[in-house]
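Trainee: Chain residues, written in single-letter form:
4 protein chains.
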Amino acid sequence: MKTYLKNLVELNGSKQSKRFAYFIQFLIILSVITFSIETLPDLRPQTQVVLKAIEAFCVVIFTLEYLARIYVADSKPKFIFSFFGIIDFLAILPFYLSFGVDLRSLRLLRMFRLFRLFKLVRYNKAMRHFANAMKLAKEQIILFMIITIMLIYFAAVGIYYFENEAQPEHFSSIFSSLWWSIVTLTTVGYGDVYPITVGGRIFTFFMLLIGLGVVAIPTGIISSSLTKAVEEPEEKA
Amino acid sequence: MKTYLKNLVELNGSKQSKRFAYFIQFLIILSVITFSIETLPDLRPQTQVVLKAIEAFCVVIFTLEYLARIYVADSKPKFIFSFFGIIDFLAILPFYLSFGVDLRSLRLLRMFRLFRLFKLVRYNKAMRHFANAMKLAKEQIILFMIITIMLIYFAAVGIYYFENEAQPEHFSSIFSSLWWSIVTLTTVGYGDVYPITVGGRIFTFFMLLIGLGVVAIPTGIISSSLTKAVEEPEEKA
Amino acid sequence: MKTYLKNLVELNGSKQSKRFAYFIQFLIILSVITFSIETLPDLRPQTQVVLKAIEAFCVVIFTLEYLARIYVADSKPKFIFSFFGIIDFLAILPFYLSFGVDLRSLRLLRMFRLFRLFKLVRYNKAMRHFANAMKLAKEQIILFMIITIMLIYFAAVGIYYFENEAQPEHFSSIFSSLWWSIVTLTTVGYGDVYPITVGGRIFTFFMLLIGLGVVAIPTGIISSSLTKAVEEPEEKA
Amino acid sequence: MKTYLKNLVELNGSKQSKRFAYFIQFLIILSVITFSIETLPDLRPQTQVVLKAIEAFCVVIFTLEYLARIYVADSKPKFIFSFFGIIDFLAILPFYLSFGVDLRSLRLLRMFRLFRLFKLVRYNKAMRHFANAMKLAKEQIILFMIITIMLIYFAAVGIYYFENEAQPEHFSSIFSSLWWSIVTLTTVGYGDVYPITVGGRIFTFFMLLIGLGVVAIPTGIISSSLTKAVEEPEEKA
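Chains as they are written, first to last, in full-length UniProt numbering: chain A, 1 to 237; chain B, 1 to 237; chain C, 1 to 237; chain D, 1 to 237.
Chain A on its own, in the form it takes in the complex:
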């Protein structure tokens, strides 16, 4: 029995193991789609019943999978407190908690169901690469995020000085000016806030010329470390 389960849940390349992996992946995607559909307003009661049934079915399977993984683990505590152990636990927790919880905190709880997506990391090469890439470049990313945040803060203070009097509703404080900095220096530019004074516009010009280069760096680091992670051979797939 234990050998059979071990053969099933471990990615050893056997036919059964592969089929089981595809089945779990299918359930993850299914439960994520179910989750998305549930957020649609004006769902008919019948649809809600179907969605809840699918959700319950997924959770039952995920629970059995979780128990099986604990059962076959060489060191049970080691698995339970490993990355995938915690993810597997968090993926089913919201469902069981939802019975004993009042409605207000249910909203956040439902969001926790998204942790299921991380279960995909176990099977999905692309996701695993992404996780590796972020781990690899962590230190550099933090360093440049500090610079980026400082520059964004500096831009916010500047624009606050120039625009506060002309547009007190949009640039009411440095905190609301920060929103302008973020949207502008990433070149998203929604157009909900923008400078209208001459001084503010000239300041924006110089901040853009310098700032675009700075904000581009964390972007570049993530890009290149992700590309590197994909090209490097993996130990086991």
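Quick caveat, the hints were computed from the structure, so don't treat them as lab data.
Take these hints with a grain of salt, some might be off.
Since the list gives no way to pick out one identical chain from another, each pair is judged satisfied if it fits inside one copy or across any two copies.
[As the list claims (entries may be wrong)] No more than 35 Å apart at the CA atoms, straight line, and that leaves these computed lysine-lysine pairs for DSBU-like: (1) LYS125 x LYS135; (2) LYS125 x LYS228; (3) LYS135 x LYS18; (4) LYS2 x LYS228; (5) LYS125 x LYS15; (6) LYS138 x LYS52; (7) LYS138 x LYS125; (8) LYS6 x LYS52; (9) LYS228 x LYS135; (10) LYS2 x LYS138; (11) LYS228 x LYS52; (12) LYS6 x LYS18; (13) LYS228 x LYS138.
On a predicted model such as this, the values are computed, not experimentally measured, just so you know.
Given chain A's structure and the hints, the job is docking chains B, C and D onto it.
Mentor: Using the frame of chain A, we list chains B, C and D on its own:
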């Protein structure tokens, strides 16, 4: 006769072949422009007659070209089911189908006329490079598209959680939040939807810092593989 | 006399030549600023008189400079039809033409005064680099511009198909859809036109993933050839 | 006494020195946050009192630190006129000046408190890298800024010509057209001004194709020089 036609339709560098190629390219561009003009509202009846005549003329020539290419092909089935054989067929199909079809499905059918643009690939170096580049990087592009789509989905769920209560009309479900994710993480930023809560704005900031790097990768892969495809020598031009 | 003038207008590194070069550069910038101020609405009559006087003074000096350059040239026709010869001529032409011209075409004529900016290329290292870079990468830029334009056209046709019925005022024809393509694929995203149908938004997503990479290439070529042009040593500065 | 202070304010790696450095950094961040909160409208009087007390405390400590640094310096004038000497002075100046100054100029004076952020450069590796990177690439950045500014000016003149008649309120002069150039060529695209004429839109298209490449260069230089500055070993940290 067969030798003459062969000499004509094949790109063997002869004077006749070159002239024929320019003629066909001219017709393709002409028919694409005709197609664009047809979409203009409030066209006068005379103009419509002229446009239809040009279209009919182009289709006749394309049909003759298609038949000639089948006629001179060493292996007729091989040509018919090759990339260019299918494109040549699809380029004339909508015209002939339009006689036996009701008006409702005509709209989509007319769009199929655009397949004519792909006929240009045969003659146009730039288009051929683009096709090669996409084929070359196909695997990598798919891998990163998965990561990109996951990140966009993740951003949509996050912003849905933060903004749904404050702006139920714009962030009514995860599906409508996806539109925000796409527009924001590509930095297009139309400004039709944007977060207004403090939580949503902080979340946007961090998604932008991480997400811009991820979304930039498929872009970068296409760029670099296209540049590579252009620099490499071609077998025949 | 000829030797003195030659010494003056040629960039031979002598003190007089340098002073003259700075003087001409100052006049170019001055006349460009004058030109910009003239476009301001509601100028007082006194200001207009001053601006016209400055303009007349600049043109007189530029004319004398032009004549001197012809006078000292080894081969007069060669100078007159060289790049700088033509620029020097176009820089003064609008002023003299404006006496015999009716008011309607004056607007375009005034714009021609901007050719003066190109006179700066002679003195300004940065401008010269830019001109060189564009010349160097001309062939590649044209190749990729064709691909870019085709992709933009393709996106316009697609969005026209999806959005024409829902927003006939913004996507009235393929030509008006082209504006959307340009603004979206360059990620400018003004927000004056954007898709509202589900089909149009999904199409936008895929066009962005592919299109951003394509549109980025001409940008990249200009960037890299400009950077190369700056790093390479110049023959004479 | 002098030896003790020297040991304290100099970054010699001793335990006391480290603690002191962390304390000063904490005060800088605290005073910057205080500064940001002060800009919030509708603060309660009690909050204002607390903020003013924190500000006074920070300034007292910064003043003591400044005096200590002068006291222990080998060459007092050299320290006072060094980068950090001036920054330390400017960081406390606004507070003392605010006693003898009327309310109107107080606004700008308050902004000067931000110079405190530069005090962080002494302790923060990321900030120091940024300062080095800017110093390194100064010459190149200036060269390309000139090209960028010229291109932005050229775009402004062109769009003024095309759009001035159609939208005199947005493109009233070349100076107001410059704002459009900046927002468009950096791809921010707020959407407050955009061309509506066919000519203006075609012009925008070509300016974008060329301009994006040019504007991307200062960005790229800052990115790469910042990345280089981080990878190079520092003399002392």
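Trainee: With reference to the structure, classify each hint as holding or not holding.
Mentor: Hints versus structure:
In this assembly of identical chains, LYS125 and LYS135 lie within 35 Å of each other by CA distance both inside one copy and across copies; the values are 15 Å within and 21 Å between. Taking the shortest Cα distances, LYS125 and LYS228 sit within 35 Å of each other both inside one copy (14 Å) and across copies (26 Å). In the homo-oligomer, the alpha carbons of LYS135 and LYS18 lie at most 35 Å apart both inside one protomer (27 Å) and across protomers (29 Å), since each shortest distance falls under that limit. For a Cα distance limit of 35 Å, the shortest separation of LYS2 from LYS228 qualifies neither inside one copy, at 38 Å, nor across copies, at 52 Å.
Taking the shortest alpha-carbon separations for LYS125 and LYS15, only the intra-copy value of 19 Å comes in at or below 35 Å, while the best inter-copy value is 46 Å. With identical chains, the CA atoms of LYS138 and LYS52 are never at most 35 Å apart, being 39 Å at best within one copy and 38 Å at best between copies. Taking the closest pair of Cα atoms, LYS138 and LYS125 come within 35 Å of each other both inside a single copy (20 Å) and across two copies (16 Å). For a Cα distance limit of 35 Å, the shortest separation of LYS6 from LYS52 inside one copy, 30 Å, qualifies, whereas the shortest one across copies, 65 Å, does not.
When the C-alpha separation of LYS228 and LYS135 is checked against a cutoff of 35 Å, the pair qualifies both within a copy, at 12 Å, and between copies, at 21 Å. Neither within a single protomer nor between protomers do LYS2 and LYS138 lie at most 35 Å apart by alpha-carbon distance, with minima of 39 Å and 41 Å respectively. Taking the shortest Cα distances, LYS228 and LYS52 never come within 35 Å of each other, neither inside one copy (41 Å) nor across copies (51 Å). In the homo-oligomer, the alpha carbons of LYS6 and LYS18 lie at most 35 Å apart inside one protomer (13 Å), although the nearest pairing across protomers, at 52 Å, exceeds that limit.
Taking identical chains as interchangeable, the C-alpha atoms of LYS228 and LYS138 lie at most 35 Å apart whether they share a chain (14 Å) or sit on different chains (18 Å).
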